[in-house]
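A.B. asks: Each chain, written out:
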Amino acid sequence: MAKIHSFSHLHKICESAAKKTHYPLVLKELKRQVPKDWLPIAESTVMFFLPRAILDLETKQDRRAALDSIPKNTPVTNLRQFVEDGITFLWEKDRELGKGSSERR
Amino acid sequence: MSWEKDLAKGDKVEEEWLEKLHGIFQQAYKTFGPDSRFDLSVPELDTKIEIKLDAKSKDTGNIVIEYHHNKPSGILTSEAGIWLFTTGDEDIWITKKNIQKMILVEELSPVMIHGPEDRYPKAVFLVPIEIVRRYSSAAP
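Keeping their order, the protein sequence lines are chains A and B. One point on numbering: in our numbering, the residue at position 91 of the first sequence is 621, and numbering is uninterrupted. One point on numbering: in our numbering, the residue at position 137 of the second sequence is 858, and numbering is uninterrupted.
Pulled out of the complex, with its shape left as it was, chain A reads as follows (with noise of 0.2 Å):
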């Protein structure tokens, strides 16, 4: 388990676990990676780099079943919507940079 040395490194680690996509492993890779005490910290910060691991996905399958896997109550209001919503303005971003939309399947 690493030492937490200032909250850019607790956003790296964050940003790290939310590749593992599902989210049941996500909270698991923080479990491993972050200390008890900045664990709640860093299940609220992994919010906001789901969206564009999930998006990053190779199939709409695999964006599917990544988002089924966020749970109903969570201890943020509607975290799936939440997610959903960065995904669609990731996506509109990467469009109009025209990259993604013929890379994603």
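None of these hints come from the bench; they were simulated from the model. Nothing here was measured: the structure is a model prediction, and the numbers come from that model. Don't be surprised by glycine CBs; every beta carbon is placed ideally from N, CA and C. Hints are not guaranteed to be accurate.
[What the hints assert, rightly or not] Derived DEER-like restraints, expressed as beta-carbon distance ranges:
1) B:ASP839 with A:ASP598: 31 to 39 Å
2) B:LYS792 with A:ARG562: 16 to 24 Å
3) A:GLN591 with B:PHE753: 30 to 38 Å
4) B:LYS730 with A:ALA595: 33 to 41 Å
5) B:GLU736 with A:ARG610: 45 to 53 Å
6) B:GLY809 with A:SER538: 30 to 38 Å
7) B:LYS792 with A:GLU545: 28 to 36 Å
8) A:LEU555 with B:SER757: 27 to 35 Å
9) A:LEU569 with B:GLU737: 22 to 30 Å
Go by the hints and put chain B onto chain A.
C.D. replies: Frame of chain A; chain B shown alone:
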């Protein structure tokens, strides 16, 4: 400024907006208590509003968007679809979805702040006020 004074000022701003809204929407009401998931509700519009007094933004140039204060908070838990940031000089209306969009699209990084009156540190995004203006909309 103490936490109580901050709270009282914020409360006053909410009361003022409630009064303005009552001129048009008679069913509008204000919530009470620290765990409220919105500040004002306008049932006629099926709209909930979060009001944030951020007078310090005039000095820092940043609007504070909180998401964790000992537990998920602010943008992660608010049920308000519309947020109002008031600096004292300016009122900025923005939808909750646009706040989220702004954080993701602008790739903002969170920071921890620990106010002198806060028992726990807060995880927040410090967003330059001109960026918030770009994602803002007209008052409801």
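A.B. asks: A separate judgement is required for each hint: does it hold in the structure or not?
C.D. replies: Results for each hint:
1. B:ASP839 with A:ASP598: 31 to 39 Å: Since ASP839 (chain B) and ASP598 (chain A) have Cβ atoms about 37 Å apart, the given range 31 to 39 Å holds.
2. B:LYS792 with A:ARG562: 16 to 24 Å: 22 Å, holds
3. A:GLN591 with B:PHE753: 30 to 38 Å: Violated, at about 46 Å.
4. B:LYS730 with A:ALA595: 33 to 41 Å: 47 Å, violated
5. B:GLU736 with A:ARG610: 45 to 53 Å: 35 Å, violated
6. B:GLY809 with A:SER538: 30 to 38 Å: 31 Å, holds
7. B:LYS792 with A:GLU545: 28 to 36 Å: The hint (28 to 36 Å, Cβ to Cβ) is violated, given that LYS792 (chain B) and GLU545 (chain A) are roughly 22 Å apart.
8. A:LEU555 with B:SER757: 27 to 35 Å: Roughly 34 Å apart at Cβ, these two residues keep to the hinted range, so it holds.
9. A:LEU569 with B:GLU737: 22 to 30 Å: Violated: the Cβ-Cβ distance is about 40 Å, outside 22 to 30 Å.
The earlier numbered hints that this structure contradicts are 3, 4, 5, 7, 9.
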